Amino acid sequence: MQQLLNGIFIGSIYALFAIGFTLVFGILDRLNLAHPAVFAASAFVGIELVERGGLSLWAALPIVFVFGAVLGLAIERLAFRPLKGRADAHFAGLISSIALAGMFIALLQWRYGPDTRRFPTGSFPDTRFEIAGAQVTLVQVVILAVSLALMVGLTYMVTRTRLGRGMRAVAENPTAARVLGVNVDRVTAITFAISSALGAVAGVLFAINVNTAQLGMGAAIELKGLAVIIVGGMGSLPGALIGGLLLGLAEVFAVQYIGSSWIDVIAFGLLFVILLLRPQGLLGARKVREV
Amino acid sequence: MRTKLSTVAAAGAAALLLASCGSGEGGEDTSASGGLTGEGSGESCTIEGEVPIGAVLSLTGAAASYGESQQRGLELAAAELAENDGVTYDLTIEDDQTDPRQAITLFDEFVNDGASLIIGPTLSNAAIQADPIAQDAGVPVLGISNTAAGVTEIGDYIFRDSLTEQAVIPQTIAAATEQFGLEDVVVMYSNDDAFTESGYEAFSAALEEEGVEVSETITFSKSDTDFRALLTQAQESDPDAIVVSALIEAAVPLVTQARELGIDVPIIGGNGFNNPRLMADAGEAAEGVVVGAAWNSSSDNPENQAFLEAYEAEYDAAPDQFAAQAYTGLKLVDQAVRANCSAERDSIQQALGEIEDVPTVLGEFSIDENRDAEHPAVVQVVENGSFAVLE
Numbered sequence: 001m002q003q004l005l006n007g008i009f010i011g012s013i014y015a016l017f018a019i020g021f022t023l024v025f026g027i028l029d030r031l032n033l034a035h036p037a038v039f040a041a042s043a044f045v046g047i048e049l050v051e052r053g054g055l056s057l058w059a060a061l062p063i064v065f066v067f068g069a070v071l072g073l074a075i076e077r078l079a080f081r082p083l084k085g086r087a088d089a090h091f092a093g094l095i096s097s098i099a100l101a102g103m104f105i106a107l108l109q110w111r112y113g114p115d116t117r118r119f120p121t122g123s124f125p126d127t128r129f130e131i132a133g134a135q136v137t138l139v140q141v142v143i144l145a146v147s148l149a150l151m152v153g154l155t156y157m158v159t160r161t162r163l164g165r166g167m168r169a170v171a172e173n174p175t176a177a178r179v180l181g182v183n184v185d186r187v188t189a190i191t192f193a194i195s196s197a198l199g200a201v202a203g204v205l206f207a208i209n210v211n212t213a214q215l216g217m218g219a220a221i222e223l224k225g226l227a228v229i230i231v232g233g234m235g236s237l238p239g240a241l242i243g244g245l246l247l248g249l250a251e252v253f254a255v256q257y258i259g260s261s262w263i264d265v266i267a268f269g270l271l272f273v274i275l276l277l278r279p280q281g282l283l284g285a286r287k288v289r290e291v
Numbered sequence: 001m002r003t004k005l006s007t008v009a010a011a012g013a014a015a016l017l018l019a020s021c022g023s024g025e026g027g028e029d030t031s032a033s034g035g036l037t038g039e040g041s042g043e044s045c046t047i048e049g050e051v052p053i054g055a056v057l058s059l060t061g062a063a064a065s066y067g068e069s070q071q072r073g074l075e076l077a078a079a080e081l082a083e084n085d086g087v088t089y090d091l092t093i094e095d096d097q098t099d100p101r102q103a104i105t106l107f108d109e110f111v112n113d114g115a116s117l118i119i120g121p122t123l124s125n126a127a128i129q130a131d132p133i134a135q136d137a138g139v140p141v142l143g144i145s146n147t148a149a150g151v152t153e154i155g156d157y158i159f160r161d162s163l164t165e166q167a168v169i170p171q172t173i174a175a176a177t178e179q180f181g182l183e184d185v186v187v188m189y190s191n192d193d194a195f196t197e198s199g200y201e202a203f204s205a206a207l208e209e210e211g212v213e214v215s216e217t218i219t220f221s222k223s224d225t226d227f228r229a230l231l232t233q234a235q236e237s238d239p240d241a242i243v244v245s246a247l248i249e250a251a252v253p254l255v256t257q258a259r260e261l262g263i264d265v266p267i268i269g270g271n272g273f274n275n276p277r278l279m280a281d282a283g284e285a286a287e288g289v290v291v292g293a294a295w296n297s298s299s300d301n302p303e304n305q306a307f308l309e310a311y312e313a314e315y316d317a318a319p320d321q322f323a324a325q326a327y328t329g330l331k332l333v334d335q336a337v338r339a340n341c342s343a344e345r346d347s348i349q350q351a352l353g354e355i356e357d358v359p360t361v362l363g364e365f366s367i368d369e370n371r372d373a374e375h376p377a378v379v380q381v382v383e384n385g386s387f388a389v390l391e
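Quick note, the sequences are listed as chains A and B, same order. Each residue of the first sequence is one higher than the one before, counting from 1 in the UniProt record's numbering. Each residue of the second sequence is one higher than the one before, counting from 1 in the UniProt record's numbering.
Just to be clear, a hint being listed does not mean it is correct.
[Claimed, not checked] Covered stretches of chain B (chain A as the covering partner; in silico rule of three or more C-beta atoms under 8 Å from a C-beta of chain A):
#1 214–223
#2 255–268
#3 279–286
Think of the hints as simulated: they come from the structure by calculation, not from any bench. These numbers were taken from a predicted model, which means no experiment stands behind them. A virtual CB, placed ideally from N, CA and C, is assigned to each residue, including glycine.
Construct the entire structure; sequences and hints are all you get.
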């Protein structure tokens, strides 16, 4: 039971990270590799807000959300927009976002140094519950709730709202979308902002959950995030959630039944099996492009 | 080519002479080696020239927090030694930026500038790469924080005053076994780091020695931060204690999460846990963590009490083990220089090897036949937010 919960909680963090990732990757078809840097940066900024600014965590979270959105706008403006006209815009954007990520991390190191940082003890109530003999902390419940809420909210936004329709139109064909009166640049920028804001919140929650924020924390979760969105189905938000939980559970049960040295082999091996059986991902639809 | 070289050498020598004349304006003759052998012995030893000591520390980069403590310890010791008559030291501290290549460059410089002895470098991996340069040139090196295996094996000019993990861990396990009556434990370690892995090997051997059964061995990566699944697994075998070999980055979340999961047995850590950040960052969760260490900060031996007081007065902060070992290091160098009343490299090398039962901040201190430190370790347990001696 404890292991099941461990898997769900670690999986919900993967999911929260992946949801932001997949929004840009799946919908705009752009791979934003600066996302992990936003994840790390927001954790450090969140810690500074609580530590120096004396804010409560609840007050810091919305500020971090806005901070993430601003970073997202910056990423879109600096790393993606100048290159969008190129024939190789996908790869060029991918490379330039790596470069931007490197700059973000360097700035973080300059500002905060290389040391691991943490939220001051007691900045979050360490309330614990016991569910069927298993220990659960309040922050874990919050993470799960936030992931679910964001997933539902985003799915609604993408499928039902005007902005969401704009996003999908841009994804399908930017030129046609522009002809139909969609402000392509604006829609793209907003998508990046939302995506990064989610990554930022994920970063702060992750740092609280494991009581650690490191410069490399984004890089550590990056590969898992990518695996989750591919297994879940490109651009599918519920798919990202399910993929995240699945990866978390796979890791935990690898520890339980096989051995701690085999976590990555088992977890990623399982993902390969899923992809072999369902190449489009769990909830992904095969894209049919008619000529 | 030959003539050209000698011209360069002559020019260099002239420049050096000029430089030494410039810096020697105080009146003393600091040139050449003649001034490094004096008369008398021990406290009465008088050496005319200034004894050049080089120190290579990591003052910036990843190990900067250690280097800073070491610098303070060295400078405090240097200031105290300056008050004694007879021998004056010219301590030069350089920063290797936590980069072994930079350490090599600095070792080269100190060797060529005629340093009598080199202190450092801060990290073992830098030591393993830089120490051979001093060994080849016959310059004694005193490591003040290197704990990895193989450092003093580089050669007969390499010494250290830092107790190795291999020396500390058996004492830790013995004390913990006696205190808690350990019968079976779970061992956890990060298996992708050379230091934590060698710590794990020392733990295994010590546990076997004490007859404690290891019911499960769990590995993780040094970059891991979520240990809940592993800890739940450890919890299931209901151990008397959890033994962990990890760096401080992993130690803090591991300890925090263990307590969150309701694991309240003692957690026994390796050298990585011996860091005040454990209590600062893990807070209450750190209570009951057992760590072996080279320096007992609360020891009441007179050298230690004097050190604590002087350090507090100078820096308005409490010293850590790195400062204590650095401070001890320079004091041992003084001991070795005065023993033969000579600051020649070979003389220091010979005298360092003969250091035995010297009262220091670290306790009764000897250098053993492998040129490693020998002194009692202390086994500590976290109580009310600070390290207390386990007894």
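Here's how the hints hold up against the structure:
no.: 1; hint: 214–223; in the structure: holds (count 4)
no.: 2; hint: 255–268; in the structure: holds (count 5)
no.: 3; hint: 279–286; in the structure: holds (count 4)
Comparing the model with each numbered hint stated earlier shows that all of them hold.
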